[in-house]
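Residue numbers (our numbering), protein chains in the order written: chain A, 1 to 112; chain B, 1 to 116.
In silico DSS-like links for lysine-lysine, alpha-carbon gap of 30 Å or less:
1) A:Lys-57 / B:Lys-49
2) A:Lys-71 / B:Lys-42
3) B:Lys-49 / B:Lys-69
Think of the hints as simulated: they come from the structure by calculation, not from any bench.
Computed from a predicted structure; not experimentally measured.
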Amino acid sequence: NAGVTQTPKFRVLKTGQSMTLLCAQDMNHEYMYWYRQDPGMGLRLIHYSVGEGTTAKGEVPDGYNVSRLKKQNFLLGLESAAPSQTSVYFCASSSGLGGEQFFGPGTRLTVL
Amino acid sequence: AQSVTQLDSHVSVSEGTPVLLRCNYSSSYSPSLFWYVQHPNKGLQLLLKYTSAATLVKGINGFEAEFKKSETSFHLTKPSAHMSDAAEYFCVVSDRFSGGYNKLIFGAGTRLAVHP
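Pulled out of the complex, with its shape left as it was, chain A reads as follows (with noise of 0.2 Å):
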């Protein structure tokens, strides 16, 4: 049981580039989320799925996409990497039922 997975562990674009980052779970869990991590800032939500074929905007959506095509995966993309969002990203996943989220190890992305 892994748990929640993310890939890749680091990635490091040049401005204008586009890249997607996968997460994946394995406990058959209904919501999944990616957040951002910046220093001083605590974790914001991107983007979040409350079940397969379903994506909903969090609190900092601008600049991203995501895709929930099967249940246990749920997908991140920049389309066109600015500066802005160099960041740790980290994927989690609920079973909706009292509120615990289950983070996966993180993905650091430096864009330059």
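We have chain A already, so just place chain B on it with the hints.
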């Protein structure tokens, strides 16, 4: 709207002494509250959660927190710090979107340093 304020950005203690990490919240209704811990270059791990049962909540690794509605506080404590407790700690309040799930609102974090 709900919010969380962690009153100290950094706390430094000696090994074996008590730990107190302070958190105040703002909520228009009875909230769910959590403490998460993040060790360096790791993901977040749930320490404990309050969901309107007992006001004193016990978590993992000897941590506990007390929900005080009159003070809108949810401070995290541990009687005796261990070197392995050095990490960043996040106080979190749960909000409920109209979509029917619990959105988590994070405090800015408190970095705990433990000295020998």
